[in-house]
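Chemist: Residues per chain, in single letters:
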Amino acid sequence: MDTTKKTIILFSGDFDRVMAALIIANGAAAMGDDVTIFCTFWGLNILRKPEKVQSNGKSTLQKMFGGMMPKGTRKLGLSKMNMAGIGAPMMRKACKAAGGMSLEELFASARENDVKFVACTLSMDILGFTKEEMIDGLDYAGVAAYLGEADEANVNLFI
Amino acid sequence: MDTTKKTIILFSGDFDRVMAALIIANGAAAMGDDVTIFCTFWGLNILRKPEKVQSNGKSTLQKMFGGMMPKGTRKLGLSKMNMAGIGAPMMRKACKAAGGMSLEELFASARENDVKFVACTLSMDILGFTKEEMIDGLDYAGVAAYLGEADEANVNLFI
Amino acid sequence: MDTTKKTIILFSGDFDRVMAALIIANGAAAMGDDVTIFCTFWGLNILRKPEKVQSNGKSTLQKMFGGMMPKGTRKLGLSKMNMAGIGAPMMRKACKAAGGMSLEELFASARENDVKFVACTLSMDILGFTKEEMIDGLDYAGVAAYLGEADEANVNLFI
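Residue numbers (this note's numbering), protein chains in the order written: chain P, 4 to 162; chain H, 4 to 162; chain U, 4 to 162.
The set of hints was computed from the structure by calculation and includes no laboratory data. Be a bit skeptical, because a hint or two may be false.
Stated by the list, open to error - Straight-line Cα separation of at most 25 angstroms, PhoX-like style, residue types lysine-lysine; simulated pairs:
hint, chain 1, residue 1, chain 2, residue 2
1, P, LYS99, U, LYS134
2, P, LYS96, U, LYS134
3, H, LYS74, U, LYS96
4, P, LYS83, U, LYS8
5, U, LYS61, P, LYS83
6, U, LYS99, H, LYS61
7, H, LYS99, P, LYS134
8, U, LYS52, P, LYS83
9, H, LYS66, U, LYS99
10, H, LYS52, U, LYS74
11, H, LYS78, P, LYS78
12, U, LYS83, H, LYS134
13, U, LYS83, P, LYS83
14, U, LYS78, P, LYS83
15, H, LYS99, P, LYS61
16, P, LYS8, U, LYS8
17, H, LYS99, P, LYS66
18, P, LYS134, P, LYS52
19, H, LYS55, U, LYS83
20, H, LYS83, P, LYS74
21, H, LYS83, H, LYS99
22, U, LYS66, P, LYS99
23, U, LYS55, H, LYS66
24, P, LYS134, H, LYS96
25, U, LYS134, P, LYS78
26, H, LYS66, H, LYS99
27, H, LYS74, H, LYS52
28, H, LYS96, P, LYS55
29, U, LYS66, U, LYS55
30, P, LYS74, H, LYS96
31, H, LYS8, U, LYS134
32, U, LYS83, H, LYS83
This is chain P alone, in the form it adopts within the complex (with noise of 0.2 angstroms):
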């Protein structure tokens, strides 16, 4: 049992949750805890490369998945009140107001104090996301390693 290790499952892509997440680990990382942050399903949004990728071999279903979900942290919604989309704008205006980090700057931090992010390969089979689609700088890997990784952390978080 390693007291300095933390693993989050990214599952969720709201803003709000992918927030929580940001925070929970840049904390752990000021206190020189180790994070990984599995990203899995909606999760893999943050991940994406904000410009759009030409992949080659995508199925029309894939297509629609990568053209429909959101590329990178800007343009995330909210999981309660997102009033058609005006919500999470409204809620970045509140943090800047409070004086609290942005998500991309949350997410900035995260990954200059080591922060491991995670791409979930089965998710990304199924959603069609490709490597070439992803941000650089992660690692990806499946359920086993995720659960090596539980099983040395003294706190697993589902997000």
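Go by the hints and put chains H and U onto chain P.
Modeler: Chains H and U only, in chain P's frame:
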């Protein structure tokens, strides 16, 4: 502390969240772990028999809940992009195209590999579900049993 | 490692998720465990006084958030089948018919049994909640305090 035990509270009945829970459970079972999934609230839906079961003594409210909620894994909707019901079939198609297991195969595999499914009795009482409406081979228990198992596990997730 | 400590991050303000959190917290407290619930984002709503509290110096945005979000447990909606607001009263009725405790009774019981409720100060700043708007007897802390407690607990859930 037993490093070979995992528990999952499956609160959600969303197709994608159920899928994530079953993938983790199957992965852990494949690595030799004991896994228990406590199904509570909407998570109970995956344990319902697909056919309509006649149950006497239900209140109108319980009949409404029972009638409106999905019976079994085949009827679940997505937590995001459900698009009036077409999201889940799309996700199913994408899973199949990716060569992944279907939700039903994941569920069957979990049961074959001795993942223990527990139906939360308090939630059943509230929603008016009777044991006759549930599939065979389940355990029935409450929060004390969950906490007893969680105390013995090293990974405890709420999904 | 202290096997008698549990932490819950209550991120959600949905009636059903709050109920699940309080049932687990009450169960653990009844078994003699120390339990801490960190209320963050929408979970803060359960800690708000039901009456309108005059607070000076709020921005328009903060007034909007404050005005739109539920004050206390009585106003929460369901995460699923909310049906334009009638879902939660239906669930309340079903709980009562099943002889279960109401959400307010669960909350009162948790407080009587020394479950510690912590209001996340960062979320309060973002949403513009002041201490005057919150019920008495709360702790106020941030992510570092959460992590400190989670390190001492053997079950840590994100709800």
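Chemist: Evaluate each hint against the coordinates.
Modeler: Hints and how they fare:
1. P/LYS99 with U/LYS134: Judged against 25 angstroms, a Cα distance of about 20 angstroms means the pair holds.
2. P/LYS96 with U/LYS134: Holds. P/LYS96 to U/LYS134 sits at ~21 angstroms (cutoff 25 angstroms).
3. H/LYS74 with U/LYS96: With a Cα-Cα distance of about 22 angstroms, the restraint between H/LYS74 and U/LYS96 holds, given a limit of 25 angstroms.
4. P/LYS83 with U/LYS8: Answer violated: P/LYS83 to U/LYS8 is near 30 angstroms, above 25 angstroms.
5. U/LYS61 with P/LYS83: Distance ~21 angstroms between U/LYS61 and P/LYS83 Cα, so the pair holds.
6. U/LYS99 with H/LYS61: Since the Cα atoms of U/LYS99 and H/LYS61 sit roughly 14 angstroms apart, the hinted pair holds (cutoff 25 angstroms).
7. H/LYS99 with P/LYS134: holds, 20 angstroms
8. U/LYS52 with P/LYS83: holds, 21 angstroms
9. H/LYS66 with U/LYS99: At roughly 16 angstroms apart (the allowed maximum being 25 angstroms), U/LYS99 and H/LYS66 satisfy the hint.
10. H/LYS52 with U/LYS74: Outside the cut-off at roughly 39 angstroms; violated.
11. H/LYS78 with P/LYS78: violated, 30 angstroms
12. U/LYS83 with H/LYS134: holds, 23 angstroms
13. U/LYS83 with P/LYS83: Judged against 25 angstroms, a Cα distance of about 12 angstroms means the pair holds.
14. U/LYS78 with P/LYS83: holds, 15 angstroms
15. H/LYS99 with P/LYS61: holds, 14 angstroms
16. P/LYS8 with U/LYS8: holds, 18 angstroms
17. H/LYS99 with P/LYS66: Distance ~16 angstroms between H/LYS99 and P/LYS66 Cα, so the pair holds.
18. P/LYS134 with P/LYS52: holds, 10 angstroms
19. H/LYS55 with U/LYS83: holds, 22 angstroms
20. H/LYS83 with P/LYS74: OK: H/LYS83 and P/LYS74 at ~15 angstroms, within 25 angstroms.
21. H/LYS83 with H/LYS99: holds, 19 angstroms
22. U/LYS66 with P/LYS99: holds, 16 angstroms
23. U/LYS55 with H/LYS66: Violated. U/LYS55 to H/LYS66 sits at ~38 angstroms, over the 25 angstroms cutoff.
24. P/LYS134 with H/LYS96: Measuring from Cα to Cα gives roughly 22 angstroms; hence the hint holds.
25. U/LYS134 with P/LYS78: Violated, at roughly 32 angstroms.
26. H/LYS66 with H/LYS99: violated, 35 angstroms
27. H/LYS74 with H/LYS52: Status holds; Cα separation ~6 angstroms.
28. H/LYS96 with P/LYS55: It holds: about 24 angstroms lies between the C-alpha atoms, which stays within 25 angstroms.
29. U/LYS66 with U/LYS55: holds, 11 angstroms
30. P/LYS74 with H/LYS96: holds, 22 angstroms
31. H/LYS8 with U/LYS134: violated, 41 angstroms
32. U/LYS83 with H/LYS83: Since the Cα atoms of U/LYS83 and H/LYS83 sit roughly 12 angstroms apart, the hinted pair holds (cutoff 25 angstroms).
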